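Participant: When you get a sec, could you build the whole thing from the sequences and use the hints?
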Amino acid sequence: MHLVIIGNGITGVTCALTVRRLRPEARITLVSSESTHHYSRTALMYVYMGHMRPQDIKPYEDWFWTENRLELVHATATALDTADRYVTLDNGTTLPYTHLLLATGSESKRFGWPGENLAGVQGLYNLNDLAAITRDTHGISRGVVVGGGLIGVELAEMLHTRGIEPVVLVREAYYWSAVLPPAEGNLVDRQFAENHVLVRYGTEMREILGDDQGRVRAVVTTAGEEIACQWVGLAIGVAPNLGLAKPSGIETDRGVLVDEFLRTSAPQVYAAGDCAQHRQPAAGQVPVEQLWYTGRMQGETVAHTICGQDTAYRRGIWFNSAKFFNLEYQTYGQAPAKAEAGVESLYWEHPSARVALRVYYRAEAPHAVLGFNAMGLRLRHAVCEQWIAQQVPIAAVMAEFGRANFDPEFFTQHEKAMVAAYNIQFPTQPIALKRRKGLFSMNR
Amino acid sequence: MSPTLASPPLPSSSPAEKLSLAVVAAGLLALVLALTDGELGRRQTWFYAALALVSGGTLAWSWVKYGGHPAGVQQNNLWLRASTGRGAVAWVTGLVLTGFYVVLYWYSGNDGQGNFGPLNNLVHALDGFSQWLRARPADQWFLYGTFYTLAILLMGGRAIWKYRHSRYQVVRTASVMFFQLGFAYIIPGLLQFFQQPEFYFSYFWPLKYDYLFPGTVTSLVQNGGLGVFMVFWGAVMSLVATPVLTYFFGKRWYCSWVCGCGGLAETAGDPYRHLSDKSRTAWRWEVRLIYTILGIIIVLTALLWVHFATGNTLLGEAGTVAAQWYGFAIGAVFSGVIGVGFYPLMGSRVWCRFGCPMAAYLGLLQKHFSRFRISTNGAQCISCGNCSNVCEMGIDVQQYAQRGEPIIRASCVGCGMCSTACPRGVLNLENGPKEGRYQGSQLIHADSLRILS
Chain A
1 MHLVIIGNGI
11 TGVTCALTVR
21 RLRPEARITL
31 VSSESTHHYS
41 RTALMYVYMG
51 HMRPQDIKPY
61 EDWFWTENRL
71 ELVHATATAL
81 DTADRYVTLD
91 NGTTLPYTHL
101 LLATGSESKR
111 FGWPGENLAG
121 VQGLYNLNDL
131 AAITRDTHGI
141 SRGVVVGGGL
151 IGVELAEMLH
161 TRGIEPVVLV
171 REAYYWSAVL
181 PPAEGNLVDR
191 QFAENHVLVR
201 YGTEMREILG
211 DDQGRVRAVV
221 TTAGEEIACQ
231 WVGLAIGVAP
241 NLGLAKPSGI
251 ETDRGVLVDE
261 FLRTSAPQVY
271 AAGDCAQHRQ
281 PAAGQVPVEQ
291 LWYTGRMQGE
301 TVAHTICGQD
311 TAYRRGIWFN
321 SAKFFNLEYQ
331 TYGQAPAKAE
341 AGVESLYWEH
351 PSARVALRVY
361 YRAEAPHAVL
371 GFNAMGLRLR
381 HAVCEQWIAQ
391 QVPIAAVMAE
401 FGRANFDPEF
411 FTQHEKAMVA
421 AYNIQFPTQP
431 IALKRRKGLF
441 SMNR
Chain B
1 MSPTLASPPL
11 PSSSPAEKLS
21 LAVVAAGLLA
31 LVLALTDGEL
41 GRRQTWFYAA
51 LALVSGGTLA
61 WSWVKYGGHP
71 AGVQQNNLWL
81 RASTGRGAVA
91 WVTGLVLTGF
101 YVVLYWYSGN
111 DGQGNFGPLN
121 NLVHALDGFS
131 QWLRARPADQ
141 WFLYGTFYTL
151 AILLMGGRAI
161 WKYRHSRYQV
171 VRTASVMFFQ
181 LGFAYIIPGL
191 LQFFQQPEFY
201 FSYFWPLKYD
211 YLFPGTVTSL
221 VQNGGLGVFM
231 VFWGAVMSLV
241 ATPVLTYFFG
251 KRWYCSWVCG
261 CGGLAETAGD
271 PYRHLSDKSR
281 TAWRWEVRLI
291 YTILGIIIVL
301 TALLWVHFAT
311 GNTLLGEAGT
321 VAAQWYGFAI
331 GAVFSGVIGV
341 GFYPLMGSRV
351 WCRFGCPMAA
361 YLGLLQKHFS
371 RFRISTNGAQ
381 CISCGNCSNV
391 CEMGIDVQQY
401 AQRGEPIIRA
411 SCVGCGMCST
421 ACPRGVLNLE
431 NGPKEGRYQG
441 SQLIHADSLR
451 ILS
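As given, the protein sequences belong to chains A and B, one line each in that order. To convert, note that position 74 of the first sequence is 74 in full-length UniProt numbering; the numbers rise steadily by one, no gaps. To convert, note that position 172 of the second sequence is 172 in full-length UniProt numbering; the numbers rise steadily by one, no gaps.
If a hint is listed, it holds; no wrong ones were tucked in.
Quick look at which bits of chain A chain B covers, simulated, 3 or more residues with Cβ under 8 angstroms: (1) 41-55; (2) 161-167; (3) 316-323; (4) 379-385; (5) 399-409.
Short, incomplete list of chain B residues facing chain A, as computed with Cβ under 7 angstroms: (6) P11; (7) G72; (8) N76; (9) N77; (10) L78; (11) L80; (12) Y168; (13) V171; (14) N377; (15) S383; (16) C384; (17) G385; (18) N389; (19) S419; (20) G425.
I should point out that these hints are in silico values taken from the structure, not numbers from a laboratory. Just so we're clear, the structure is a prediction, and the values are computed from it rather than from any experiment. Backbone N, C-alpha and C define an ideal beta-carbon position, used for all residues, glycine too.
Facilitator: Structure below.
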């Protein structure tokens, strides 16, 4: 068995590690055009901000790969022959395979804006992007960030730490409105305000203006306003990287089309992670998942199928997390941004506007919990998942809410105030807090 | 990594920051004048002016630097600055610190006429205060203790400002400041004032190795009631309280809450915590060194007692000489010159990680007989590496977090910085039941490839 994996991101690497565990004798080769060693994409911002060095964002030391007999090839895969089963590399060699995993990840989206190819316009996805932003933001005074999602706030924070004034353009009426309800979006907005970062809501970019040297000098918004700047960050999302798959004849749409076992249309060729598109996503799931966590899960799942233990991809109960400047965010289960039939929520916010909790539950009695949004609050993943999976009524969840508290010792415990908020919303069935977070108890 | 990342120029410091640093620099200059000025009265003035300027400047700088931003993780440009990224400033700082320790340990003894070598003028500048606190003139150790305590208090103030968003860090920092000032400075001074033995109630065998040596024990016991209590305290803390407290809280009850070495590392050493080597090679050296040193001090202590029990006939002078050598190599060179002198290059816990026998003893208890662990929150880890970066003990925390496993490592001092720095709320220090302590999360499937062996 020779497994060739195109891409050494979290999906490809998780697959490699899982296959190594299941099949100690397998030959495994990881091909990447980006870097020799796996690094953590999620940590790019910390290198720019000087929290870490480039070598610190490699999750494994270099000996790890040789000791686990994982062959690393730093080259670009230029062609794929699915009939004769080999991959052509730009270093002039070919790699025959018995099994192939496409884990080629994504590319930053561009919308075809006038001026989007000027020097100083970029996304933030890979190491080249990191090198570009490091180079192009030298000594500049203002950068415009386009997009109201997670990378947008990261880019704003990055510029801010270098003393560069960020201006963030957000198409929607409030931050990350596709995911967050308005109250939570407002807390994110407070973070921008506290850090003196200007956000223009309901504003899109119309075009980017350049100077004589082909460098960015300003952007023009849809309102016709011209904002002078020397750098533009595009954070409007990513699209599957199909550079290798498409010419090879493998069926693609937005991404590489896969079935529930993450098999593509070509024999022994699999796709997972950002680049894969599920032909039939499970209920409540999207066809293209572009998260660290889903990449890891898909990588692990596909490894089992590759090793002959056919395993369908089941994402399980949703979870995610992020950090907006100093505000941490965690979410579990079903947590819609907008009102949905049959779903209600309980919202509690601390007067400081730095801590908030939203618990989603079924409108019909007994009001089983569906999901959680936690802002500035750490919740125990296992406990939340268990409550959601077992459809525990919100009354029981709130009475026991201390079980889910994952904040460090000595932190203010807000469970009492949360229960009070519950009792206001459900005045006919008041509850008392039964479980506080203790110093010696572990609530698994 | 393929693309080359040129280091960008750092954003310039604010005028207020520059001014406060200038005050610190003026204080250091005044200290040099106190060291060199020939006239006693002026020397005194320079000395106290130096302390005031350094103290005021440091606190003002912390206020300006960290108070000016909203509370939260403030690590910007940590690896890019020459002072905290092993640049020229760090090398100079390391040389000055190392030089200070060399002078202090080997060239500042009393020559019999009250001269303390190159540090003489600084020592005598403290005579008045020493008379007031201890009813005796100052010596080089009192000067060292004063500087040491001041460093913990001032840089503790800085740490409290920097980490004010985390109550765990605030309370813990206040704790090391309290124990240093009270238990390692004022109480030993007051004991001397009342003609009692100078005793440190916050240091125990095997770190303070001679507290269970027969020589120290017999001389304390001869001192009467208080001396007997000191022997009792030392023995109970080392042999009973240490296992019990470590069972409930892990080794942090001592290493990052009470200990003076830990106290300096957590405060003055905080700007250098990320410099500790996270590699497997470093871990192998750690294991080789620290358990060897623990073994040496246990054997040495036992031999000294056997020697004592046999009427001081067994070893002749060899036991005393061995104790002296241990004191020189481990007590002075390792814990002082290397332990603190190398802060700016190897991180703040070189001694605690590679050398301290107390840490080795506590670590064995923590690993095998404790309820303490750092829990990983389900599958939320994104492998960003912030936890490993801030670990002063060189633990690659991320390796555990990304597999959903709890972190149970002998070396972990429980400073909690991994939990503070984690951007996704993944890590938490917990004292849970010992059963199932090693059990990982069911929400992520840990691979079985070993990292440390």
